[in-house]
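Chains B, C, D, E and F: place on chain A using the hints.
Residue numbers (our numbering), protein chains in the order written: chain A, 26 to 323; chain B, 26 to 323; chain C, 26 to 323; chain D, 26 to 323; chain E, 26 to 323; chain F, 26 to 323.
Be aware that a few hints might be false.
Below, computed lysine to any residue pairings styled on SDA-like, alpha-carbon distance capped at 25 Å [stated by the list, open to error]: (1) B:LYS227 x B:GLN281; (2) A:LYS237 x F:GLN315; (3) E:LYS80 x A:SER235; (4) D:LYS319 x B:LYS32; (5) C:LYS244 x A:ASP31; (6) B:LYS319 x A:SER235; (7) D:LYS263 x C:ASP316; (8) A:LYS115 x B:GLY77; (9) A:LYS227 x F:GLN311; (10) D:LYS41 x E:SER121; (11) A:LYS237 x F:GLU312; (12) B:LYS263 x A:THR118; (13) C:LYS319 x D:LYS263; (14) C:LYS319 x D:ASN270; (15) D:LYS80 x C:LYS244; (16) A:LYS227 x E:HIS273; (17) C:LYS244 x A:THR118; (18) B:LYS32 x A:GLN283; (19) A:LYS237 x F:PHE314; (20) A:LYS227 x E:PRO274; (21) E:LYS319 x F:VAL223; (22) A:LYS80 x B:THR291; (23) B:LYS80 x A:PRO307; (24) E:LYS227 x F:PHE314; (25) A:LYS263 x B:GLN311; (26) A:LYS319 x B:THR291.
Footprint (simulated), chain B over chain E, 3 or more residues, beta carbon under 8 Å [claimed, not checked]: (27) 222-234; (28) 289-301.
To be clear, the hints were calculated from the coordinates, so they are not data collected in a lab.
Computed from a predicted structure; not experimentally measured.
No residue lacks a Cβ here, since even glycine has one placed at the ideal position from N, Cα and C.
There are 6 protein chains.
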Amino acid sequence: MILRMDKLLIDLPEPKAPSPNSAAAVQELMGGRFGEISTLMNYTFQSFNFRGRDKMRPFYDLVANIATEEYGHIELVAYTINLLLSGSTKRGTDPSDTPLRSSVDARNSYHFIASGQTALPIDSMGTPWNGSYVFSSGNLKLDLLHNFFLECGARANKIRVYEMVDDPVARERVGYLLVRGGVHIVAYAKALQKLTGVDVGKLLPIPDISNKQFPEARKHEEKGLHRILYRYSPDDYKEIVQIWNGTHPEDGSELQVQDGPPEGFTPPNLPEDPQLTAPLGPDFDQELFQDVAKKLFS
Amino acid sequence: MILRMDKLLIDLPEPKAPSPNSAAAVQELMGGRFGEISTLMNYTFQSFNFRGRDKMRPFYDLVANIATEEYGHIELVAYTINLLLSGSTKRGTDPSDTPLRSSVDARNSYHFIASGQTALPIDSMGTPWNGSYVFSSGNLKLDLLHNFFLECGARANKIRVYEMVDDPVARERVGYLLVRGGVHIVAYAKALQKLTGVDVGKLLPIPDISNKQFPEARKHEEKGLHRILYRYSPDDYKEIVQIWNGTHPEDGSELQVQDGPPEGFTPPNLPEDPQLTAPLGPDFDQELFQDVAKKLFS
Amino acid sequence: MILRMDKLLIDLPEPKAPSPNSAAAVQELMGGRFGEISTLMNYTFQSFNFRGRDKMRPFYDLVANIATEEYGHIELVAYTINLLLSGSTKRGTDPSDTPLRSSVDARNSYHFIASGQTALPIDSMGTPWNGSYVFSSGNLKLDLLHNFFLECGARANKIRVYEMVDDPVARERVGYLLVRGGVHIVAYAKALQKLTGVDVGKLLPIPDISNKQFPEARKHEEKGLHRILYRYSPDDYKEIVQIWNGTHPEDGSELQVQDGPPEGFTPPNLPEDPQLTAPLGPDFDQELFQDVAKKLFS
Amino acid sequence: MILRMDKLLIDLPEPKAPSPNSAAAVQELMGGRFGEISTLMNYTFQSFNFRGRDKMRPFYDLVANIATEEYGHIELVAYTINLLLSGSTKRGTDPSDTPLRSSVDARNSYHFIASGQTALPIDSMGTPWNGSYVFSSGNLKLDLLHNFFLECGARANKIRVYEMVDDPVARERVGYLLVRGGVHIVAYAKALQKLTGVDVGKLLPIPDISNKQFPEARKHEEKGLHRILYRYSPDDYKEIVQIWNGTHPEDGSELQVQDGPPEGFTPPNLPEDPQLTAPLGPDFDQELFQDVAKKLFS
Amino acid sequence: MILRMDKLLIDLPEPKAPSPNSAAAVQELMGGRFGEISTLMNYTFQSFNFRGRDKMRPFYDLVANIATEEYGHIELVAYTINLLLSGSTKRGTDPSDTPLRSSVDARNSYHFIASGQTALPIDSMGTPWNGSYVFSSGNLKLDLLHNFFLECGARANKIRVYEMVDDPVARERVGYLLVRGGVHIVAYAKALQKLTGVDVGKLLPIPDISNKQFPEARKHEEKGLHRILYRYSPDDYKEIVQIWNGTHPEDGSELQVQDGPPEGFTPPNLPEDPQLTAPLGPDFDQELFQDVAKKLFS
Amino acid sequence: MILRMDKLLIDLPEPKAPSPNSAAAVQELMGGRFGEISTLMNYTFQSFNFRGRDKMRPFYDLVANIATEEYGHIELVAYTINLLLSGSTKRGTDPSDTPLRSSVDARNSYHFIASGQTALPIDSMGTPWNGSYVFSSGNLKLDLLHNFFLECGARANKIRVYEMVDDPVARERVGYLLVRGGVHIVAYAKALQKLTGVDVGKLLPIPDISNKQFPEARKHEEKGLHRILYRYSPDDYKEIVQIWNGTHPEDGSELQVQDGPPEGFTPPNLPEDPQLTAPLGPDFDQELFQDVAKKLFS
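Bound-form chain A, shown alone (with noise of 0.2 Å):
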């Protein structure tokens, strides 16, 4: 069971300009098999499937509580998508100026036709996210290892669509992503050390570059961000502190479990795009809607 808030991991800013190709290329980050919809899948089905949990307490309690944070990144990227998207095409009612014409050459059709200019479970070529993605053996050693390599990889794309686009707001998500995601990084890693002894942190950072050459990155990570693992859950996976405990692998800062989430910000209020009816058309029956509206809501 989970409880959601209305809040964002961090505050998003409007990008300088709408792009949606670079839309698209962020879609990789979303439903890419290292996307993260993969992070958040992986480690929620290998929580509900994870046996000998009695014995095996703190790596069920660290699998489970990175599950959780994984929700915040998707709802992180599907914005950072949303918003490159929004006041791309013209805005109005009639249909027959071809208010969508601009679309006709974006890369990613999907976006315009199936959506409201809005982001899908696929990744930055359209092919949608499919659960053979999620790799859950029950062998904890290799699961681990699992994760670890996957963390490695979405790392990588994360590298990638940094310097494929240059919207300033768009890099302050991917820069918050570098952190946290490198956080799980340092915690696998940590996890398959205290389950045998070698010190895996060593081969950091893969690909071998410091998160501290992406300014984005950088700012957060002189704040510590990249020290804590947050206990997402009110009462739940207090073992975490068994594994992220001791220092960082690249730095030596000591590491730190916070109890709760981060504060969180309102998440924008997306603009109406009447030529797409989103919400409404523009033959939504508003007098009606009052009168429905009216016996109904009050």
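Chains B, C, D, E and F in isolation, oriented as in the chain A frame:
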């Protein structure tokens, strides 16, 4: 952002007997086009993508809040599958006596090769769930109509899986989901009615067989569970009360919003399956782990 | 069994200019989840699979008859795509002057490599249509609800493609399909109403923008095309008149069944494209063919 | 444009006994790469896409006309599947006695969950038919070669399904399709011969087993059905006679074109299956329906 | 460029008895995400795509050389499947006595319809292998980590298939592949260690069950097969010796490179199956063939 | 078993200029339904699966030997793609100046996110190659007919990609592949002729445009490359000479078998792309690596 609690919506007894083919059938309710991942992801994306939410807040709140409950539903389906699979092969550490022999004839081989006899995001034929199942057009009326149809389709699937699987415990879970899915059907019917004045609820039940015909659903309805919409958030989604009000279209009972989730129950501890090396194999270095654990977990 | 006539539903002028990316967008109306192959195949399978048709004959007849019209719709969409693609590359027989050069930047490369610059059963991103788009539950109420939703979703897609593509001829075709698709929406609304008494037609239009807003659709509605259900059979499907009667929910005009299809127009002769070897390449053995033809075609 | 008749190509007796796994096997002939949807869709798209048809009219007519017959073939396969599935579960209105119990071990669970024990556009493993199976290159020689190969591949599949399924009625249908598919093989061989002078028919039979070895095919060949090409159009496709002439490559009999389709037979009325709520469930409001019907159907 | 030898890596006895469902399970090791096509294609593409190979030659040589051995592994798995399928249906030339009857209940119907009871590039549920299983990021550390994970995942699958299939001959092959796959695991661990200094080999075995527990693997290890890296090239890939050196992480034995492949064994001659027309059907024109052969093969 | 040589079939100059969209188009020749992976995998599986090879040895040898050459073809296509992509983005180590900016509009984003600007097993729209493209029926005549068709379809694709991409170097490679693919077309035509007596070669060229029309193909044909079948094996596949003999159907030249592969050329060393961290990133620990290397590589 979400918080997660280590609780299930209902208490789960053990199945009468392991039944891999029953588990395979139940997978349709997980990863099928009309499975719980579909409802979770449809409403989640629609909530991220909702345009003009300032004006249409009750609808936004409704979709976001139902999305949140769906997480608890995929969890329930996962545990149902896990319990039906656990114990279906011979436990032990010797691979050479063919401990998984019986599984060679099971319908779903992924349960035995890819996962540790646990749930996957696939349907009853092993086809992975995929993102093309998500509908998010941005037009509110169309999205609500979709959701109403999706829930009715999901109900049809639940009914048929119920009729296929005779394990009383499995039926227990489907019974509960029929009731809670029924709440979502009514919620979307109400939302369409608020928007248009058409009494869509009169179409129910779809398919035309009442939940009262299912003993395991009826008992929950007798306690009034079909009248309650839980608000799954500490502070948000309060305007659902603008839509979830009045009477139930099937039995005329009074609808009510309950703040906060139901109480919840501790999920079962899935037993170790050493023949699957889940979570550990016979050659796991216990001694090293103890040393490491002593040093690192203290 | 069917009979086929070498006719199109409307007369097709040539597009202003070839436009591969417009053709790519129009593919969504062919092979997308809500494209014409989906409507054709959904109703066709539902008609094959209809149980208890002796008791529910008007519904069977309606579904089977609408399925039949859909064939004419995939045909129209195919020719629209073909006309938008024809002439988009340099005609000639010398491959070494890169006659297809411009196509290297076109969104849909299958049009240039797999097909002879003609339509394929794919959507606007090149994803093939697939059979999971067919819904055929056997429950009449649920199947009708699905069809009603499918047609509304198809309408939303048509509207958006109309808004993307400014070629007046392409818009001509979408205009016609908006009207005829509108007939199917109303037909399924009527069928649901006959079955349940709920006036589903009052939900229309979905999305909430009237066909009257589209000049190329309005002109057909002014001629009453939105009031007519053609009976596409020499002798069968006569009971559609039990459902298609009364008044149109949007403008109150009288509904009527017309026996037999509309008149139809000769399809355009697509020009030869020798650089594609379509239908023949420069080294086709004309002489041999003449000999063979003389001997065999006489 | 097409017209549809409520007739099947042959008369269909009931199967000896329901057999879900036989039905699953027959699905290959429906939605497999070499199934009837493939032949229907390949020739249909090739006919839409045919370039230079003014010059090559007999070839255009041939492809378009064969496409038309294929519709009758998917219909036949659908009814075969439907008859093999009907009655395979316990009929009744009480869901709580597990009426679908036996289906939990059936190979194709979609037949029991997604459809009302009826056909779907999928293959023998449940994989949906998809548009990548359509080949339409625009080069006439290549498209004809493809069609010749496709028909031979389809024949191989029919032979093997015939050898798997012993229900005499199912074999009856495959027998008929072997003969009619055989006509299409010869037709494409003839077309290649007209174009190139190469006597492709001498390659037959492919695979190298004659239709005469199948009693249910032989009886149709004895009546000469393998020599006739039906012209499935009121007024068009008349130039097929330019290709379908001369002698049959396997037995030297005279080929002939018959104007119009074969007589046809009324399709069976599939029985109601109340446990599937197909077409109605036990809680269908008969009384309301009578009222509504009285008011609306009169 | 490659050269091929008509040899298998080990000698293959016949299975005890045909077992289609065992063959279906073994398909996972062929076309599953972790099957041999995946290892072959991953390393092959990584070798084509290797940037900066002049500086990192030993790593390039290692990846290219292991890719080459994988070809021998898909071959072994194919023959295992073929031997398990051969003879599973009644041999003969009369199709009308339902020679494939038993196969109607087999899990994998493609083996009986699409192929001649032989291997296909699919997994244990019939899902085709696909190119999204290939990972080739260009970053050496990440690609090596991927390969290490891929091999561990492949090992987990092999173990489970071994535990499912009791045919001693099938186990023989899996036993061999466990050993040779184990060499690849160690090779990638060594490569990571050379690059980073981290002793990744200490994580082994993953899953935590030793090859020594499998009699059919143990016997090869006792002969030292787990210590040898074959160099599969007449003249290239000589720098693998820079990485494959030192001691084996599990038993401390000395690693060694052997120039050239193992000796190899003649592959079995798969018997004719006339009921499948494989390779020829009963109506193959023997006489004509003899004439043709006489004229053409001499 | 195979041996691999670090050689390419032809010498590869650098392209005039990087061209990501040209690379995207060339991917069709790699991972499309008619791409080189398809030919490689079709013939490879057919050779593993060949029944009755003792009797039909020349055919077995032919299929196995052509399969072997195909490996060299996927290699050539991979390097073509790699050369077209290399240098298409700004080289450097600073991620914050958006070095991949230009790629945001490229058709194939996987080249920039998933791979290090190198080839993937996908087609020109990014769709992964998949195993359903493999045909292996077991019937020799049908498999040969398939292969003949497959090669003709592959030829059509090569021709169109040649006509799209004007980089002379890319055309060089396609020119070579047209010739060598042409050899395979003739080889399968010859094999069919040996089996049936039908002179299938007279159908050529398909499509009806001769290789002589392509300057980059013509020059190889002038050297006689279209007459030679290389025997790609140290000791096996010698009976190909039974099929590859007589004269070429298009120009009547004498066919000949050459023992052993062509000479081959060293593949290009793909340059490092530090902005892609390929093969290493800016924070790769050179010092540690030197230490490790010193200790371990010596």
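Now for the hints, and whether the structure bears them out:
1. B:LYS227 x B:GLN281: OK: LYS227 of chain B and GLN281 of chain B at ~19 Å, within 25 Å.
2. A:LYS237 x F:GLN315: 24 Å, holds
3. E:LYS80 x A:SER235: Holds. LYS80 of chain E to SER235 of chain A sits at ~22 Å (cutoff 25 Å).
4. D:LYS319 x B:LYS32: 53 Å, violated
5. C:LYS244 x A:ASP31: Distance of about 47 Å is beyond 25 Å: violated.
6. B:LYS319 x A:SER235: 32 Å, violated
7. D:LYS263 x C:ASP316: Holds. LYS263 of chain D to ASP316 of chain C sits at ~22 Å (cutoff 25 Å).
8. A:LYS115 x B:GLY77: 17 Å, holds
9. A:LYS227 x F:GLN311: The hint holds at about 14 Å.
10. D:LYS41 x E:SER121: 17 Å, holds
11. A:LYS237 x F:GLU312: 19 Å, holds
12. B:LYS263 x A:THR118: 32 Å, violated
13. C:LYS319 x D:LYS263: This hinted pair holds, its Cα atoms lying about 18 Å apart.
14. C:LYS319 x D:ASN270: 14 Å, holds
15. D:LYS80 x C:LYS244: 36 Å, violated
16. A:LYS227 x E:HIS273: Answer holds: LYS227 of chain A to HIS273 of chain E is near 21 Å, not above 25 Å.
17. C:LYS244 x A:THR118: It holds: about 19 Å lies between the C-alpha atoms, which stays within 25 Å.
18. B:LYS32 x A:GLN283: 21 Å, holds
19. A:LYS237 x F:PHE314: 21 Å, holds
20. A:LYS227 x E:PRO274: Holds, at roughly 19 Å.
21. E:LYS319 x F:VAL223: Judged against 25 Å, a Cα distance of about 15 Å means the pair holds.
22. A:LYS80 x B:THR291: Holds. LYS80 of chain A to THR291 of chain B sits at ~16 Å (cutoff 25 Å).
23. B:LYS80 x A:PRO307: With Cα atoms ~15 Å apart, LYS80 of chain B and PRO307 of chain A stay inside 25 Å; holds.
24. E:LYS227 x F:PHE314: It holds: about 20 Å lies between the C-alpha atoms, which stays within 25 Å.
25. A:LYS263 x B:GLN311: 24 Å, holds
26. A:LYS319 x B:THR291: 44 Å, violated
27. 222-234: holds (count 4)
28. 289-301: Since three or more residues must qualify, the claim that chain B covers the stretch 289-301 of chain E is violated, with 0 doing so at under 8 Å.
Hint check: violations occur at hints 4, 5, 6, 12, 15, 26, 28; the rest are consistent with the structure.
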